[in-house]
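Q: Protein sequences appear in the order of chains W and E.
Quick note on numbering: the working numbering labels position 32 of the first sequence as 32, and the sequence is numbered without any gaps.
Quick note on numbering: the working numbering labels position 151 of the second sequence as 151, and the sequence is numbered without any gaps.
Derived by calculation from the structure, the hints in this document are not laboratory data.
Possibly wrong hints are sitting among the right ones.
As the list claims (entries may be wrong) - Anything over 10 angstroms on all C-beta distances counts as not near chain E; from chain W, calculated:
# : residue
1 : M7
2 : V11
3 : G82
4 : V83
5 : G90
Stated by the list, open to error - Okay, the calculated bits of chain W under chain E, using three or more residues with CB under 8 angstroms as the criterion:
# : stretch
6 : 23 to 34
7 : 53 to 62
Just so it is clear, the structure is predicted and the values come from calculations on it, not from any experiment.
Beta carbons are placed, not taken as given, at the ideal position from N, Cα and C, and that holds for glycine.
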Amino acid sequence: MGCLENMNYEVLAKNCSFKEAREIIKSNSTEKYEVPPGFKLLDKALIGIPPLIIGIANEKLIYAYTKPCHGTFVVVVDDPEGVEQVRKNGKPVW
Amino acid sequence: MGEVLIFIGCPQIPVQSALVIHIADFLQDAGHHPVVAANPSAKQLVKTSDPKGYYVKDYKDLDKTIGELADGTLHYPLIISLIHNDAGLTYTATTAAVSPDSLLVSVLFGEHAYELAEEIEYPTEKVVAPVTHNTRPLLTKLDEVLEWAVLKI
């Protein structure tokens, strides 16, 4: 576990609204899961307006990451532990 | 009398720090202890305006606060959230979801205040005015809501 900055990640979109981020996650994922706000990834509570969707594609997580002054980013993170956690605890959505 | 959380986001809009001081002053007069959750730059602006901590003595990190509310290790009966952008709305919606027993007041300001207020789907009392530099249009409604809110907790 660790901070996003220490992980292998890429930014799929930036400076978007949370609603836009949700649609970007859905359209770029092969699996989608709903999790509650506050769901922890990399020891950090996820920020988001319900329904909070986390996607998986190519065994990588795709999710929204919101910063107060920079809006919402969509990040693709190589986090095998997180993938397992989301599959185990998230609610699959189609 | 307990702690009340003032939740603030990006300090880009000038009225934000002044509103924090105003709300903290009101809460202290009502016998409550204001705690401000902020990112580092927003915290620094409030601290610069209140260097001796006359209005605000306690600050918390924004993300850490959400984590503790989600864990249930922290609870505030009243949370007052200042919002002027989509990120602020997103943080506040998260707070509403992880702390459903708290009474939540959403204070919306800045150029897009009305549009942001229309997007709110969580239970909250809204105070809305599209102001950036002049706090006056917000204050009457804000004070009314604060008077009501402190009686409810």
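Q: If a hint holds in the structure, say so; if it doesn't, say that too.
A: Tested hints:
Interface exclusion of M7/W from chain E stands, the closest Cβ pair being 17 angstroms apart, more than 10 angstroms. For V11/W, the shortest C-beta to C-beta distance to chain E comes to about 16 angstroms, beyond the 10 angstroms cut-off, and the non-interface label holds. Even its closest Cβ contact with chain E, about 16 angstroms, leaves G82/W beyond 10 angstroms, as expected for a residue assigned away from the interface. Remark: the non-interface label on V83/W is consistent with the geometry, its nearest Cβ contact in chain E lying 21 angstroms away (cut-off 10 angstroms).
With a cut of 10 angstroms on Cβ distances, G90/W stays outside the contact zone with chain E, its closest approach being about 15 angstroms. Closer than 8 angstroms: that is the beta-carbon criterion, and the stretch 23 to 34 of chain W has 0 residues meeting it against chain E, so the requirement of 3 is violated. Note: the stretch 53 to 62 of chain W has 0 residues with beta-carbon separation from chain E under 8 angstroms; the three-residue rule is not met and the coverage is violated.
Violated hints, listed in ascending order, are 6, 7; each of the other numbered hints is respected by the structure.
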